[in-house]
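Visitor: Spelled out from the first residue to the last, the chains are:
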Amino acid sequence: MVSDNLIELKEISFSYPGGRKIFEDLSFNFPKGAKLGLIGANGSGKTTLLHLIMGLIQRSKGEIRLFGEPCEKESEFRKARLKIGFVFQDANDQLFCPTVKDDIAFGPLNMGRSQKETDKIVEETLELLNLMDFRDRVTYALSDGEKKLISIGTALAMLPEMLILDEPTTCLDENAVERVVQVLTDCNLPYLVVTHDKQFLERVVTSRVKLDNSTITRMPAY
Amino acid sequence: MCGNCVQDDGVGVDLQEASETPNAKRPSSLRMIDTCPRTRILAAIIFAFVVASLSSISSASLALIFSLIITLSSQKPIIELVKRLLVVNAFIIFLWFMLPFSFSTPGTVIASLGPLKVTSQGVTLAALITLKANAIFFTVVALLTQGPLYEIALAGKSLGAPKKLVNLILLSSRYFHVIFAEYQRLRLAMRARGFNSNFSRHTFLSLSNLMGMLLVRSWDRADRIHKAMLARGYDGDLHASSNFHFSQADVLFSLAIILVTIILLVFEWFPTI
Amino acid sequence: MHIFDGVLSVPVLVTGGVLAGAGVAIGLSKIKSDMTPQASLLAAVFFTASLIHVPIGPSSTHLILNGLIGLLMGWVAFPIILVGLILQALLFQFGGITVLGVNTFNVAAPAVLMGFLFRPMVIGDDAVKSSIGAAASGFLSVLLTALLVCISLYLSNTENFNIAAQAIFLGHIPVMIIEGIVTLLVVRFLKKVKPEILQISATNLHKPVLNKTN
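Chains as they are written, first to last, in this note's numbering: chain Z, 1 to 222; chain L, 1 to 273; chain W, 1 to 214.
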């Protein structure tokens, strides 16, 4: 049976080692083609939820299906991860290579693409971001807005089937936010975006859900 | 293999334990926590060097027994210690593979595996090292990881360790956790982009870039820390205050250690007793 | 690559302690108060690096990077490595108190030597020379450290540690190659991203001893 959901969480429980319980019996579906916003108070576990979906942390109970496939082991998550472009909250956590092109090439090379294919992907990604002359710039020296765009680029370069973005507009000025909106519109992919930024959300998503106390509830559409 | 990441993460968890558990003041039977860190430093150093000088199995066995008594009285969680023991003994195991077979002076052959001859002297030497290594390990860990590291550093200062060295220890142990957390976040983000540490050019380049990035960011962070320190009147010294005093527990503990040392040395010099 | 307590003889431990003490004293005299945060954070980074597993074929090793420390920090390598070993002994609870001096000397002395031999080449403008200098620092520093470890063992028990020492040396040949490669790549990263680190640390921390005492 082919599932209609890209992401399915069923009765997930999670707590940090020795720490407080974050989720208990949490369920969540991300349907095909959705452009979904996830909101919730500080500390409600939004980032934790995203890391659980990516298999970067391990749940204590429950079922996760990504692209219809159950994900249990690291190898299964690894396969699914390559199809999800994940953009971290802090671009500094994501960008560690000397230049922009190295950072964009990192994902495709991990996927086993050849240098030639990778070079082509780098060019196309920079074009999509409208940052063609940034190819050889030193990533560390870029502005926050530029870093954010590049970090979205590093996710897009893996040619994913969907994107997950964690607080993509934190610390960005209006102009930079504008360009993030542009890139999200241009990339033509489904995405799940976590944010506190209401104005931004209104422009990029078609539906919203709210995470509160281990439950995810649908919010009225715009 | 992702095993690597998991191992790295494992270390991270241990670290947090290591830094947090000592703060918890557990009641201890000998109330070792009551002893002054200065006493513990001196005791650990004297005991460790005396044990390092031992050359007979009987005295080294006795040293191991004493060290276990000290460990038990410090009430350190034993499971935590066993994890470290494995690492410490990895080299010892290596010596067990080498020494029994490679004793060069003509020794008493007690077994042979083809061309390899096992000598009793080789086995004795390996056993001696095993006893001494573990005796020192237990004592040092029991005595010096009893309280937070900064306490030991400050005690070192009051015992005459150079001020600059103590400042280095204080600052680097403080920021090690920050940098290690930064390393873990970068590593997590690499995993999210499908990074798999294997024996390849791509892996070496990626890990080197990661290392370089940690250096660059720490350099800038150091700059910010320095400015923030200056803003609060930093003049080259951290002025961390310590309030050490020699209590009754210290007197008792010092006497115990002196007694133990004398017993060990007597056994060393008169092994026939 | 360090020796645990209980293996070496007391004369070797004491000699190592005295030599390391001298090196640490020189190193500390090079740290001006405004460089303390820099030196502390580098110590923390190098300690973090020692926890990174780098694959060698199917197995893996930990980075040492003493060549890089020497290139960046010169004599300050001594206090930095001592601090790293103290963190390992106490924060990680691995012990290693009697051997603190020997281990510091075995790792830091090659680091300082690499700084003197290759720093000018590495911070220079010639990219090829810089790469060669960096790779040589990484390779030779581990080679010399392995050699010093063997000498420490050999002097402790000449007849019987002989074969163990040889095995340790041979076992570290792959580590030398890996350290050469990683040092080269990290230096390239620094040159591209923040060349000041190489320059500043060189000028502020790296004046030869004589200049200062005269």
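In case anyone wonders, no lab produced these hints; they're calculated from the structure. Bear in mind the structure is a predicted one, so any value in this text is a computation, not a measurement. Where a beta carbon is used, it is the ideal one built from N, C-alpha and C, also for glycine. Hints are not guaranteed to be accurate.
[What the hints assert, rightly or not] Taking beta-carbon pairs under 7 angstroms as the criterion, some of the chain W residues facing chain Z (in silico):
| id | residue |
| --- | --- |
| 1 | F169 |
| 2 | K192 |
| 3 | V193 |
Visitor: State for each hint whether it applies.
Guide: Hint check:
The beta carbon of W:F169 comes no nearer than 34 angstroms to any beta carbon in chain Z, farther than 7 angstroms, and the hint placing it at the interface is violated. Annotation: W:K192 was flagged as interfacial toward chain Z, and the flag holds, the nearest CB pair being 4 angstroms apart, inside 7 angstroms. Annotation: interface hint on W:V193 holds; nearest CB of chain Z at approximately 5 angstroms, less than 7 angstroms.
In terms of the numbered hints stated before, the structure departs from hint 1 and from no other.
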